[in-house]
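Add chain B to chain A, keeping to what the hints say.
Number of protein chains: 2
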Amino acid sequence: MGLVTIGLSVSLDGFVAGPHDGPANPLGDGGGRLFEWWTAGTEQLGPDRRFTPPARSREVVQELFDCGAVISGRRTFDIARGWGGRHPTGAPFFLVTHRRPTEWVGPGTDGTAVTDGILNALEQARAAAGDRPVTVTSASLAQQYLCAGQIDEINLNVVPVLLGDGVALFANLDKAMDLECTRVVESDGVTHLRYRVRK
Amino acid sequence: MGLVTIGLSVSLDGFVAGPHDGPANPLGDGGGRLFEWWTAGTEQLGPDRRFTPPARSREVVQELFDCGAVISGRRTFDIARGWGGRHPTGAPFFLVTHRRPTEWVGPGTDGTAVTDGILNALEQARAAAGDRPVTVTSASLAQQYLCAGQIDEINLNVVPVLLGDGVALFANLDKAMDLECTRVVESDGVTHLRYRVRK
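Those sequence lines, one after another, are chains A and B. For the record, in the first sequence the residue sitting at position 34 is 38 according to our numbering, with numbers rising by one throughout. For the record, in the second sequence the residue sitting at position 62 is 66 according to our numbering, with numbers rising by one throughout.
Note that these hints are calculated values from the structure, not bench results. Among the clues, some could well be false.
Identical chains blur together in the list; that is why a pair holds if it fits in one copy or across any two.
Below, simulated EDC-like cross-link-like pairs (lysine to aspartate or glutamate); rule was C-alpha separation at most 20 Å, straight line [said to hold, decoys possible]:
| no. | residue 1 | residue 2 |
| --- | --- | --- |
| 1 | Lys-203 | Glu-184 |
| 2 | Lys-179 | Asp-135 |
| 3 | Lys-179 | Asp-25 |
| 4 | Lys-179 | Asp-33 |
| 5 | Lys-179 | Glu-190 |
| 6 | Lys-203 | Asp-33 |
| 7 | Lys-203 | Asp-182 |
| 8 | Lys-179 | Glu-157 |
| 9 | Lys-179 | Asp-156 |
| 10 | Lys-203 | Glu-157 |
| 11 | Lys-203 | Asp-156 |
| 12 | Lys-179 | Asp-192 |
| 13 | Lys-203 | Asp-70 |
Here chain A stands alone, though its shape is the one from the complex (with noise of 0.2 Å):
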């Protein structure tokens, strides 16, 4: 069975976006500076790519493409337009909402909206990806995943900024959690760790 696995760009203050997010604001006040490592290699490779992630970053992005399936929220869902219903991992996504939505879901699109609960959708989530990794892009669902004790593997890109406020990663845990630094790269304008969780 695959990896279950958080996967984010964080603020080192630890918000997935800044303060004030909302549809016409959706990552928050500068919450943009948290993907521009993402798009920091394009100028180098050419403009026929659609996004280019600096040299050192490749691994760990390759990695993120090469999941299984992947878990969002409501709150990514809309930010993203529901990606037009595929994900650009081009894996197999379950959207977790009370709200079924009327776009971007069921046939004819790679999402699927469960409405039964977050173990719910891990259970079709593991079905759909096989031995690949499942990944949670979502800073509430990692929360409860977490607090559910269902979480292998945190990635958390972290980028060199202080956003003050906004939504953070880490809150509503409901007890500690030992972890193991299983990766560390220094990229650029960005770091990214990765963690075993210990059970």
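Chain B only, in chain A's frame:
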């Protein structure tokens, strides 16, 4: 003039102490975990050393010990019982406090109590440090000096644990701040991250 730096050990979720900290539980629940890396190398090097950080942490620890002055808050000072009047780094230390303590500062010690604010404490610490760095070792002071635009560098020893709650390092910041990562050291039980504050 020397740099003004923050030097602290933090959990991956950004706490410098766990929840329920107080006189009887100075590092909070689980907070002792933040300092285990510090003594992780002791066994290899024999019992004559008071502590021995892991080999890959030596340069970072040496830098800390080479600082020219330390600025501490009252919480840290009380927890450490004023280091008996001699800070472990050997540097003069400046305690920012509203209530002047009766021990561990003043004549016959390396400690000076400063009761008229953070900027006066910094001025005295700078004068004592000369060309060497001034290191701020308390979370609440780190926040205040960051907001006052006085921090040049942030040195974090990131420990692989999620404490879930406790004393947050990067709380109460009144604005976003752009950083540049200037060093990453992957050591045993700790990752050392150094950032320059862009001004």
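- Message: For a quick check of understanding: which of the numbered hints are violated here, in increasing order?
- Response: Per hint list: 2, 5, 12, 13 violated.
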